[in-house]
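Using the sequences and the hints, build the whole thing.
Going line by line, the protein sequences match chains P and B. Anchor point for the first sequence: position 25 equals 25 in the numbering used here, and the numbering is continuous, going up by one each time. Anchor point for the second sequence: position 112 equals 112 in the numbering used here, and the numbering is continuous, going up by one each time.
Misleading hints may appear alongside valid ones.
What the hints assert, rightly or not - Below 20 Å or equal to it, Euclidean Cα-Cα: the simulated DMTMM-like pairs (lysine to aspartate or glutamate) are:
hint, chain 1, residue 1, chain 2, residue 2
1, B, K341, P, E34
2, B, K188, P, E9
3, B, K128, B, D99
4, B, K362, B, E328
Said to hold, decoys possible - Ranges between beta-carbon positions, derived for each pair:
hint, chain 1, residue 1, chain 2, residue 2, range
5, P, H97, B, D261, 34 to 42 Å
6, B, D353, P, E34, 19 to 27 Å
7, P, S73, B, E230, 13 to 21 Å
8, B, R325, P, R100, 23 to 31 Å
9, P, R37, B, K341, 40 to 48 Å
10, B, K205, P, E9, 30 to 38 Å
11, P, K58, B, D321, 33 to 41 Å
12, B, E211, P, H85, 25 to 33 Å
13, B, R382, P, M1, 57 to 65 Å
Since the hints were derived computationally from the structure, they do not count as laboratory data. Where a beta carbon is used, it is the ideal one built from N, C-alpha and C, also for glycine.
Here's the letter readout for the chains.
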Amino acid sequence: MKRAIMMDERDNVATALASLVGGERVEVVSSAQEVLREVAVSDAVPLGHKIALADIAKGGAVIKYGEPIGRASGDILVGDYVHIHNVESDRVPLTGHMLRSK
Amino acid sequence: MEFQGFERPKDLVGVRNIVLVVAIADCTEPAARMIAEGIEGAVPVTHHHGCIAMDVVPTLVGVARNPNVAATLLLAMGCEGIQAEPLRDEISKAGKPVDVINIQRIGSTRRAISRGREMVSGMGDQAKKQQRKPFDVSRLVVGVKCGGSDTTSGLAANPAIGVMSDMLVDAGAAVVMIEPIEAIGAEKPLAARAVNEGVRQQILKWIGDEEKRWTVPGAEMDFMCRGNIEGGLTTLEEKSLGAIHKGGHRAVKGVLKNKEDYLETVPPGGGFYLQDGTHSEPAAMSYMAAAGVHIIVFATGRGGSFGHAICPMVKVTGNPDTWSRMGEDMDINASTIMEGKESIESVGKRIFDEVVAVASGKVTLGEQLGFYNFSLWRRDPRLEALLKIK
Numbered sequence: 001m002k003r004a005i006m007m008d009e010r011d012n013v014a015t016a017l018a019s020l021v022g023g024e025r026v027e028v029v030s031s032a033q034e035v036l037r038e039v040a041v042s043d044a045v046p047l048g049h050k051i052a053l054a055d056i057a058k059g060g061a062v063i064k065y066g067e068p069i070g071r072a073s074g075d076i077l078v079g080d081y082v083h084i085h086n087v088e089s090d091r092v093p094l095t096g097h098m099l100r101s102k
Numbered sequence: 001m002e003f004q005g006f007e008r009p010k011d012l013v014g015v016r017n018i019v020l021v022v023a024i025a026d027c028t029e030p031a032a033r034m035i036a037e038g039i040e041g042a043v044p045v046t047h048h049h050g051c052i053a054m055d056v057v058p059t060l061v062g063v064a065r066n067p068n069v070a071a072t073l074l075l076a077m078g079c080e081g082i083q084a085e086p087l088r089d090e091i092s093k094a095g096k097p098v099d100v101i102n103i104q105r106i107g108s109t110r111r112a113i114s115r116g117r118e119m120v121s122g123m124g125d126q127a128k129k130q131q132r133k134p135f136d137v138s139r140l141v142v143g144v145k146c147g148g149s150d151t152t153s154g155l156a157a158n159p160a161i162g163v164m165s166d167m168l169v170d171a172g173a174a175v176v177m178i179e180p181i182e183a184i185g186a187e188k189p190l191a192a193r194a195v196n197e198g199v200r201q202q203i204l205k206w207i208g209d210e211e212k213r214w215t216v217p218g219a220e221m222d223f224m225c226r227g228n229i230e231g232g233l234t235t236l237e238e239k240s241l242g243a244i245h246k247g248g249h250r251a252v253k254g255v256l257k258n259k260e261d262y263l264e265t266v267p268p269g270g271g272f273y274l275q276d277g278t279h280s281e282p283a284a285m286s287y288m289a290a291a292g293v294h295i296i297v298f299a300t301g302r303g304g305s306f307g308h309a310i311c312p313m314v315k316v317t318g319n320p321d322t323w324s325r326m327g328e329d330m331d332i333n334a335s336t337i338m339e340g341k342e343s344i345e346s347v348g349k350r351i352f353d354e355v356v357a358v359a360s361g362k363v364t365l366g367e368q369l370g371f372y373n374f375s376l377w378r379r380d381p382r383l384e385a386l387l388k389i390k
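Structure (structure tokens):
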């Protein structure tokens, strides 16, 4: 089974260590490589992108490395693909220029 | 735990035995190269900011004082704004041999090169007499840096280097992290690690000043780019948290000042420090060298093909493809984390062991190639004045 890594025990997202297809089940591992649980992903998730490990209501903190990395801009359900379409930065908003720049 | 190092004056220890030939400005660079050519241990360096950029002087002085350097020859044209004698006097405070050749005074370039080669050979012969001796690991000062980052950097290489950083600090050694630009967005967790309120304020200023420099109206720079987003990074907070992971989790003892006229070195006694500086790799490494760093541990996703003139570099990649393509340039394979074969902790311990081995003389893969980089960042005092950064 493919894996996703949870960088800190407080996190509510895990990062995919391989590209995943919608509906696929994935092992969530700790930084010590222990299997913590399994989760089914709702959509395709590319390598290095994130999966929700819990429901996160709109406005709720998205937590990775044990720290907030932004806020949910819509309701996120466990197994959902988590990226710029449903998360906003609290620090620097994403701009069109950033999306175009290499 | 001990490593085998070179004893230096002023109770310092080096891990390399370099004779540095410094071209004070670019004018004397070719002659400096010819002086050092073929002499074992001799390393010629220069910078390309001309001879009136006085703000590079503290870095030049710092690198010559770095304990990896056994002796220094300064090569002057004679008419520089940056004068050789005051530079020599500052460097000599480290208690190591330092001398000057002035081409205009000696009368010709050929004569300067010939005299320079005699002097550098003599300095090298003296340096070679030094034997490595055992020192406690607590005497080491290690810099951490990342570059060519990709999605694996924040998951594998940086967290593993963070384990190494904590192990070094716990062993009484010092760890230095530069690159304030990448801490923008990670202010809160970093400031929470300050040993006291004064340091907490220093950390916030360290990050805030850098943000000012890169958000000048009309010349703003993006802190995130499309490549970051395509790699899976959603916000600046996520990007920055992944980057600062290489600095581990121990208390921040201070922010080393780096000003036009002053560059603070790492105080004795170990611990984790931040350093004011830049993110551009070779120049950032020169700043770290000037602060007294012995070895630089470098995390990369996409690979890196450089070394530093003063500090051996231990390169770590977390990307399995980079490891298979560029393995002969990478000292440590952290891609085992991505493949589920090894824990972050275990890779961190391997990096720690590698750093101790390199401190004792193990030749890094970059050093085997025999080339190195040296460049200086110019923090333009005019911009600092306009932005009212003190």
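Do the hints match the structure? See the list:
A hinted pair counts as satisfied when its Cα atoms are at most 20 Å apart, and K341 of chain B with E34 of chain P qualifies at roughly 11 Å. A C-alpha spacing of about 19 Å is found between K188 of chain B and E9 of chain P, which places the hinted pair at or below 20 Å, so the restraint holds. Between K128 of chain B and D99 of chain B the CA atoms are separated by roughly 18 Å; this keeps the pair inside 20 Å, and the hint holds. A C-alpha spacing of about 16 Å is found between K362 of chain B and E328 of chain B, which places the hinted pair at or below 20 Å, so the restraint holds.
Restraint check, H97 of chain P to D261 of chain B: a C-beta distance of roughly 37 Å satisfies the suggested window 34 to 42 Å. A hinted range of 19 to 27 Å holds for the C-beta pair D353 of chain B and E34 of chain P, which are about 24 Å apart. Separated by about 19 Å at the C-beta atoms, S73 of chain P and E230 of chain B satisfy the suggested range of 13 to 21 Å. At roughly 29 Å, the beta carbons of R325 of chain B and R100 of chain P sit within the given window of 23 to 31 Å.
The given range of 40 to 48 Å is broken by R37 of chain P and K341 of chain B, whose C-beta atoms sit roughly 21 Å from each other. Checked against the hint of 30 to 38 Å, the C-beta distance between K205 of chain B and E9 of chain P comes to roughly 32 Å, which is consistent with it. Between K58 of chain P and D321 of chain B the Cβ separation comes to about 37 Å, which falls inside the hinted range of 33 to 41 Å. About 27 Å separates the C-beta atoms of E211 of chain B and H85 of chain P, a value consistent with the hinted range of 25 to 33 Å.
Here the CB-CB span from R382 of chain B to M1 of chain P is close to 58 Å, well matched to the stated 57 to 65 Å.
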